[in-house]
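Colleague: Keeping their order, the protein sequence lines are chains L and G.
Residue 195 in my numbering is what sits at position 195 of the first sequence, and the numbering runs on without skipping anything.
Count along the second sequence from 1, add 1000, and you get the number used in my numbering.
There may be inaccurate statements among the hints.
Stated by the list, open to error - DSBU-like, lysine-lysine: derived pairs with alpha carbons at most 30 Å apart:
1) G/Lys-1057 - G/Lys-1032
2) L/Lys-57 - L/Lys-213
3) G/Lys-1202 - G/Lys-1057
4) L/Lys-202 - G/Lys-1175
5) G/Lys-1202 - L/Lys-193
6) G/Lys-1032 - L/Lys-193
7) L/Lys-32 - G/Lys-1065
Because the hints were derived from the structure by calculation, they are not lab data.
The chain contents come next:
There are 2 protein chains.
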Amino acid sequence: MTTAVKNGGQITWGPRVDLRDIPNLYAPQVVKPYTPPSPGIDNLGITSTDTFMVPGKGEFTVDFKGYVRVARSQPSTENWVDSEVYTNLIEMCMRGEAPGIGSIIVTLNPDILSTGMLRTPWTDMNCSQPEKACRMAVAAMFNLPQMGMTLFNKEPIELTIDHVQMIPPAGNPGKGQIYQILPLYDRANPEEKPAAYLTGLKFAMGNYITQAKIESISSRK
Amino acid sequence: MTTAVKNGGQITWGPRVDLRDIPNLYAPQVVKPYTPPSPGIDNLGITSTDTFMVPGKGEFTVDFKGYVRVARSQPSTENWVDSEVYTNLIEMCMRGEAPGIGSIIVTLNPDILSTGMLRTPWTDMNCSQPEKACRMAVAAMFNLPQMGMTLFNKEPIELTIDHVQMIPPAGNPGKGQIYQILPLYDRANPEEKPAAYLTGLKFAMGNYITQAKIESISSRK
């Protein structure tokens, strides 16, 4: 018996996007609003403000800045209204700083495929030009080099963007759908109780960025 | 490299509760309010009202009734205020009916350990007798025998109960924290796009029930 949440050795939280023969899209790009796009890998800037609670240390809020690489599937139809697009977050690097903690570098957990989709909310299926809704289940690692610690989530961090008028939704604000707390675990003691909690997350998708910019963020010490 | 989300062959969404030497608790039981209890397996009734969207078929709401078996850890401290209790949902059977669909039987996905915790919200840590918050990440299977289909979730169904004055929180209402949609997949085509979506979930924990009652629910055809 299998529920195939494991796929190619990796746990998957949703459909895998076929990465063969899809172009890598860097800045500059022209995006047509209300138009299902050809498949591609979007290389985009991102900013995020995350709030963490560490038991015994208190709550702290960190501003992150970096990039994401998002693979998009072939849209299910050519019509904006009923087309669905599936996404995989295939790379991420965001950097932030917290007083008393030092650097925090957020990347993807390689053991889990972060997956998502864009679709028209059912209540808007009769609109001629609806705004779409975007959701993504993210498996992240929060590396704290000065603390000698890496935290990770076992339940997905659900990122959502509403009011999507074009794909990718560059410039749109988004939210982490966290009800009170999302447990984070210490990779050195992964079976123990949570080491910290994510208690809030707001982000904004940026525009297409260059390959050079991505390399400067990912290679920074 | 491992993030140990796999544990004993099973994916785990949180800490595993040690099931050795903990008693099976059936009706009747006396539960003391505001008191961290000894570890145990709570055998409880449950009712739930779930709303599903099936693309091309529409939205339908189903009332379920059944039982859960919840293993509780040793509380982290003896004080109600700061004690944390970890939980595993080790068995579930809920039955419902939907017009045009037939029976729906909800059980646990054996490939994933459904995990949860009870804790005092940080904002209430200075209260002398706070109400606790309960959360559980559930991996379910929805068997539709007349349709010849079983649906399952890859992202957890997050069930929450607030205002918990005793453990277990028998009689408390709870909610599935679903932002718009939670994708459900067809076990016959697990790597395909979602076959349906869970769009709403409200539940109520029942009281302790007898072993005979549990057996009558789980063995019913």
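Colleague: Holds or violated: L/Lys-202 with G/Lys-1175, Cα cutoff 30 Å?
Modeller: holds, 23 Å
Colleague: Does L/Lys-32 pair with G/Lys-1065 here, judged by a C-alpha cut-off of 30 Å?
Modeller: violated, 49 Å
Colleague: Given the proposed pairing of L/Lys-57 with L/Lys-213, does the C-alpha separation stay at or below 30 Å?
Modeller: violated, 35 Å
Colleague: Check whether the Cα positions of G/Lys-1032 and L/Lys-193 lie no farther apart than 30 Å.
Modeller: holds, 25 Å
Colleague: Is G/Lys-1057 within 30 Å of G/Lys-1032, Cα to Cα?
Modeller: violated, 47 Å
Colleague: For G/Lys-1202 and L/Lys-193, compute the direct alpha-carbon distance and say whether it is at most 30 Å.
Modeller: holds, 27 Å
Colleague: Regarding the pair G/Lys-1202 and G/Lys-1057, is the alpha-carbon distance no greater than 30 Å?
Modeller: holds, 22 Å
Hint compliance for this structure: hints 1, 2 and 7 are broken, all remaining hints hold.
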